[in-house]
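Protein chains in written order, with full-length UniProt numbering: chain A, 1 to 926; chain B, 1 to 166.
Where hints are given, some of them may not hold.
Said to hold, decoys possible - Straight-line alpha carbon distances no greater than 27 Å define the calculated DSSO-like cross-link-like pairs of lysine-lysine that follow:
1) B:Lys114 x A:Lys110
2) B:Lys98 x A:Lys14
3) A:Lys113 x B:Lys98
4) B:Lys18 x B:Lys98
Think of the hints as simulated: they come from the structure by calculation, not from any bench.
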Amino acid sequence: MDSLFQRSLDDIIKGLRHQQAGESAFVSKVLEEVRREIKSTDSHTKSTALQKLTYLHSICFVDMSWAAFHAIECISYPNFTHKKVGYLAISQSFQESTPVILLISNQLRKDLKSNVEVEVSLALECLSRIGNLDLCRDLTPEVFTLMASSRIPVRKKAIGVVLRLFGKYPDAVRVCFKRLVESLESSDSPPIVSAVIGVFCELASKDPKAYLPLAPEFYKILVDSRNNWVLIKVLKIFTKLAPLEPRLAKKIVEPICELMSKTGAKSLMFECIRTILTSLAEHESAVKLAAGRINELLIDEDPNLRYLGLHALAIVAPKHIWAVLENKEFVIKSLSDPDPNIKLESLRLVMEMVSESNVVEICRVLVNYATKSEPEFCNVILGSILSTCSNNVYEIIVDFDWYVSLLGEMSRIQHCQKGEEIENQLIDIGMRVQDVRPELVRVGRDLLMDPALLGNPFLHRILSAAAWLCGEYVEFIRNPVELMESLLQPRTSLLPPSVRAVYLESAFKALVFCLHSYLKSATSSDHSALGLSDPGVSSQSYDEFSGAHGENGEASGTTLIQENHITPDSVLHLLNLIDMAVGPLSGSYDVEIQERARNILGFTELIKPVLSDSLHPQDERHKQQVEASKMVRLLHDTFSDELGPVSMSAQGRVPVPDGLVLHENLADLEAVCGSSLPASSATISFEGSHNVEGATSIFISDQKEESEPSSESTSLLAEHRKRHGLYYLPSEKNTEHHEANNDYPPANELKSGVTVSNDAQDLAKLAEQSFLPKRKSKQVKARPVVVKLDEGDVLPISSKIPQAKDDSLSEAVRDVLLGNEADADTLTQKAAADSVIRKKGKEKLNAKEQEDDLDHMDSQSGTVQNPVKERSKRSSRKQNADEGDHGGDKGKQKRRHRHGKHRTREGVQNPPANVISQTPVPDLLL
Amino acid sequence: MIKAVMVMNTQGKPRLTKFYEFLVRKRQTQFSLFFFLPCLIRAENVSNFMEADSIFGPDSRLVYKHYATLYFVFVFDSSENELAMLDLIQVFVETLDKCFRNVCELDIVFNYSKLHTILDEIIFGGQVLETSSAEVMKVVEEISRQESASNSIGLVTKTVSGWRNR
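Next comes chain A alone, as it looks inside the complex (with noise of 0.2 Å):
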């Protein structure tokens, strides 16, 4: 009764086409049919309902997998189309991880049996989709049979399934790899050697080494075949192994140009092309011929050949830019090319033209070319100049003042989003490149003065990197009012906290520069009402300092301070300024914010009263200067130490000191937080913005004696950052400022810590060593000095790790292909050993499989010995060549020693003659 009023799936089509809007309803409603209906003893009503479910999980995506065991049923009706049903079912929505799928396994060896051949097929089809380690290792011996069949379409799939077995189950090499490359030689059926190419393009991909012995199979096909399908996957095939041999790309260029010009094929054309510009690149008559054959595929009408013409061009561009060169027009006219891929493809060939004579004409033309174009497409043409230009630091570039205002240039483009890339290039070229920093500063304050900047939320990562450039290197700017007006104009509150912060930074900075800077004058017009008898205390200092500054190379800035005076009014001024902006900040909610503000803010209390005195001139007026002057140098001093790149690694160089246990759980750090971190909070100083710029030096050098922080927690800091390095941001700003929250002091714990000063210092003259010798190396006019460090400037990636299922595959694979007789004795003792650990229970079943796996291959190989033979005697040589590479690995001691058992073997079976050629390729080919 129940399968009377059954639904049929085309009824829920109909149902699904006629629900306008409640179709989750109306699926819902289905799916609690199903549920029932699946249910049944009834295999025609389950199959249905499994039917039906399939239909949904593929157009609406309902969830299955509660169903997989009913799946399993229906494959197990013997009725062909509820089988048919199941199978679909299971290959729709099981993974390898479905709990129920080692059931099928019985299931599908009985199909792989049967006598009906479309049963064959759906059981392969579903092997080749779902098939995990258990299941390949199970129904290899079928698979393997099948190979063999009369029946061509089932013989294809087995084919085709070959691969899922290599895949999960990769001893299956030993078993069925023989019969797939007999498969190649299947001249009189196409099918089957597009099967078998097919397949072996895959296998390639992945590890083509493996597969040069078998060269000569595929040059046959590659000359003999006359299906477009076949010669594309050949031509994949020998893209992968031309590079490994160079023989073999002397032999293969004829028949590939050959092709190449006769092809109707547009399809194989490309190919032929893209092999050619790929693996055969030094081969200049066929890049040349190739060459001919892009052009022709760029001036075609279809778009798609426009494409791939130019994706090719990009595919010889590092090698052979005089194809390029030859089509620059058209290059240059495809950027205003409707078709989006037919543009990006020759935006990058524009920036594989790129060169250092270029780069300005280029980027000039690409910017110009990005204002005009849309916003999606804008941003790709000024990322891609970003990256190019920034490319192995800062390579091409030779005038790196036309760089910064280009980057300037850039950030006021309409479109623009490349704000956190322009912001990391801008303070990077400011550390790296010491001669074009009044440039930078130009360019940063052009961007800080403009109020209509301030609203584009996009453009607030360049504006926190031109203040805080501006507040680093504030010797080079011209009017210092003018920078601190502009840093502390009313729009700032459109920025984000972090980036008023670094707003209200610099402009800390900045006061102090120029408080500094009016002092000095101030004790210098002194100095010279005075005249030499009385040499002032701060005079003197002020002497010292400059003398000091002048080796950080600020010659230029202080001239530059000279020109424009800065005026008691404009002191005045300045420190008015400060209460009326940064006055209502010390209440902010953001921390940073606050605590800046009320740094500075501090700061202007305690110097007012002497400065406000020293404005006036009094007697006591020479005192109260050298008290104000103290107190600015002792922060001019903190701002104006340089920072630095630091190496990457710099950090692992500084040695331990003694006594410190670093392998220590990281618990120990909540105890010495939790006593350190209420009493640093405490305190309000200037040591808070130290904190922030991360300069080390004052604090080491002036303020030893105050305390210092337990040597366990920096250590233990130092430690997390060496195990977790990943986490910690990779910029040298960013280590050096690291480093100062190390070394920070927490102020009111009174500890011994010479180690800890130690450890700085350390670093700093590390860091020093790291750059200094090439910074001191001489001054080229042309390009000024970019810092680089040896080593550090990229994180060190760790060696990747080899997969492991590969290898084994390719190990396996490359056994077979020695075709030595000792094949055998490994097999079955693998197999044994397989079958011991992984399935306890089989391991007796799975023997005697392979056992007879190994009759049948030996019945084959004793009727086909020849190729076998010959094989084995390449494969002899290819090992020879294959030495080197084995002594590389390491933990693999055991199957080295395998080989080496085999290579002693044969080397005594072959004339020395054969082994001294350590090629892999046989002498048929060439």
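Fit chain B to the known structure of chain A by using the hints.
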């Protein structure tokens, strides 16, 4: 290797989905896939390829072809030739055309399992196994024969709708 085959109409309603690498697990990703693809697919007279790394993982390309109200979308990796994939879509559509005589969207909507049968003959586990539509037709007819044979052996069609349709 071919990673996925999708057929959808121009409104983004999926008509057929087949993923050869089981990669789209979350329903949400699937939804967004069909929501975004039609938006990404561009006007006429532009190239039919797309980089699809963001959706289908590294080394993924996508090619689509527009027939009447349907988009045919193939996702593949670098072991396939772009133009060959375009041809393969053509083969698939040709086969559908032969099978349904002037195929239209309705045929595709109502012949869900036949569509899978045809596709399985062309693409097997992500590899292209057959490129001749005549060969595909042969096998598909054989399968239909088997199906009808098995149905006639079984009991009379039992459902109301089946009965009504006769």
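State the violated hints by number, sorted upward, taking the hints as numbered earlier in the document. 3
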